[in-house]
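> One-letter residues, chain by chain:
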Amino acid sequence: MSESVLKISNVNKTFGGLKALTDINLNIEKGKVHAIIGPNGAGKSTLLNVIIGLLEPDTGEVLFDNKDVIGKQAHEINQMGLVRVFQTPEIFTDLSLLENVMIPALAKRDGSFKFKIFRDLADEKDIMNEAVDILASIGMEDKMHNMSGSMSRGDKRRLELAMCLIQHPKLLLLDEPTAGMARHDTNQTIELLKKIKEGGMTKIIIEHDMHVVFSVADTISVLARGKIIATGTPDEIKGNPIVQEAYLGGGE
Amino acid sequence: MKIEKKRSDLFIMAIFTIVILSMPVWLSPLGANYPDLLQKFAIFGIFAIGYNILFGLTGYLSFGHAIFIGVGSYTAVWSFKLLSMNVLPAIVFGTLFAGIIAALVGYVSLRRSGIYFSILTLAFAQMFYNLAYSVLTPLTNGETGLTIAAGDPRVLDRLFSDVATGGGLPSTELFGISMSGYSGFYFTAVLLILAFFISLKIFNSPFGLKLKAIKSNQHRMKYTGYNTRPYLVTAFIISGMFAGLAGSLMAVTDPLAGAERMQWTASGEVVLMTILGGVGTLYGPLLGVAIIKYLENIFSAVNEATLHGFFSFLPQWLNDTMVVVVSPFVGEGWHLTLGLMFMIVVIFLPGGVTEGFQKIKNRFTKNKEQEKLKQGGE
Ligand SMILES: Nc1ncnc2c1ncn2[C@@H]1O[C@H](COP(=O)(O)OP(=O)(O)OP(=O)(O)O)[C@@H](O)[C@H]1O
Ligand SMILES: [Mg+2]
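From first to last, the protein sequence lines are chains A and B. In terms of our numbering, the first sequence has 238 at position 238, counting the first letter as 1, and numbering is strictly consecutive. In terms of our numbering, the second sequence has 263 at position 263, counting the first letter as 1, and numbering is strictly consecutive.
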């Protein structure tokens, strides 16, 4: 078995009386794209929030790179190399595209706090070049001095992805990257996800849209009523009768 | 690009320095070139530039910055009393001590954001006002205010020279140069230029960009790997130190300090100046200061007699009516005018005067472009 980046063991989480997560065990292998799917209310977002340290599980352990993530703050998680894309694109809408991608590049290089005012941003040539390159990879380099706030939702999502990718995360977490997107934007996002798959980055994708999942994932775990009911390759999952049933009977 | 940038910084600083130092010349047609008013411009300029680093860049609206004005003033007066009438120790200690207090106030207030942050700073402002007004009377001399006296120790002065005992109160000086009149203005102007330079560096630095990003989306900043609180606390301390410097300079022009300087309305005034000029822009706050202080100077000097004179070309009955209508807005009523002006700006030009200029400029350049297009078509 290859090296695992994230190891989730025996995680349980209840909200009041509701068991949101039951005995979750999951290994995310290095270089793989791991999708987590499941009907509404299955516990996908809860699991994601546990992974990024936002929610503390009742029992169990989450080890990223052999380090405990539970109880860590958002910026510490990011600095460890665990980077997240939000369900609704979160970008700096009052800043230019270039500035939007320079900020995460600076965080990667300089850490969570640095006070240095006698060096101009314009002199940060390396960061600037990196930022222009990543914008070019999503086809936005000609718009780099525009404000990001007026872009379409699909473009915002792609910019946010670029902001995450410039940090070269060890593990990238995507919460429904195509939710609420028009068909055209969805396809563009899939293309981008496929492209970064070739880069060998480890990723977890939480997704509703089967089309997206089957086109980008190496491994799929199916979550239903807080339990993982199956884990396997896309083909295995497609043919699994339990999954079929959970999706038909377990929803809404 | 790199070299261009460097040169433009230098260029901006050169122009700025010339504009500020030549104020006594180009303000004389406006009748605003006397040292007292010029010094007031410069002091409030420093205050507003500093305030803009917090409010303009991070979006955190503080109602407590008068605290640091007060702390700077009291510290400076104590420096005059205990150490020397030389203004250097006064402004250095005033700035540093304001920085320490700002660290405390900022550390606590920045546990919250948005309106809760503003309320916390307001609570601090009220607390410090009461401390100065009554609780700490031994340090602040309560409602009378802290002043210098002929019998003050002034250990440094006595160490280095035979201070003439007796005679009147000593006045503030910089190594023998009196700090009243134009020399006082030029001293303040140099500090204003320095303050502007620091602000320019912050605006152009990665640090400044990160502050703007916190204003834009703090949540994203955290998940991008930034510990946002130290950034905010640093910005708060810097702006507090600018306010402390401004406060100590007030004591340089007139060596006394009173609790009224700490009233929250004084914090409100700097908010008005920043918004009126253009919040978050490099020059906006200075424009705001210039406009408000200049108009204040004019309006508050007007009284009924001058109004009668002004409207003397009108028939008597109309003259009297006009005076009745206008007089609430002048003299003591100047704040009424200020309030109206502020409302008009916030409603019609939320980006302040700077935005107004930008709009005019855009219209102008657009017209030019259209003309060019037309000419090209012919
Ligand atoms: N903070 C909370 N307090 C109480 N119950 C919660 C909380 N968060 C989630 N739940 C409940 O836990 C269950 C799992 O929710 P979760 O949001 O993880 O589902 P999901 O798989 O992400 O669903 P969706 O596809 O709708 O996003 C749901 O029944 C939900 O109502
Ligand atoms: Mg969800």
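Where hints are given, some of them may not hold.
Said to hold, decoys possible - Here are the computed lysine to aspartate or glutamate pairs in the EDC-like style, where the Cα-Cα straight-line distance is at most 20 Å: (1) B:212 with A:56; (2) B:212 with A:90; (3) A:194 with A:175; (4) B:201 with A:90; (5) B:359 with A:90; (6) B:222 with A:191.
Hints are computed from structural coordinates only; laboratory data are not their basis. Note that the structure is a prediction, hence the values are computed from the model and not measured.
> Give a verdict on every hint.
Structure-based check of all given hints:
1. B:212 with A:56: violated (31 Å)
2. B:212 with A:90: holds (15 Å)
3. A:194 with A:175: holds (16 Å)
4. B:201 with A:90: Given pair residue 201 of chain B, residue 90 of chain A is violated - Cα atoms ~28 Å apart, limit 20 Å.
5. B:359 with A:90: Violated - the C-alpha atoms of residue 90 of chain A and residue 359 of chain B are around 30 Å apart, more than 20 Å.
6. B:222 with A:191: violated (28 Å)
The structure is inconsistent with the numbered hints 1, 4, 5 and 6, although it conforms to all the rest.
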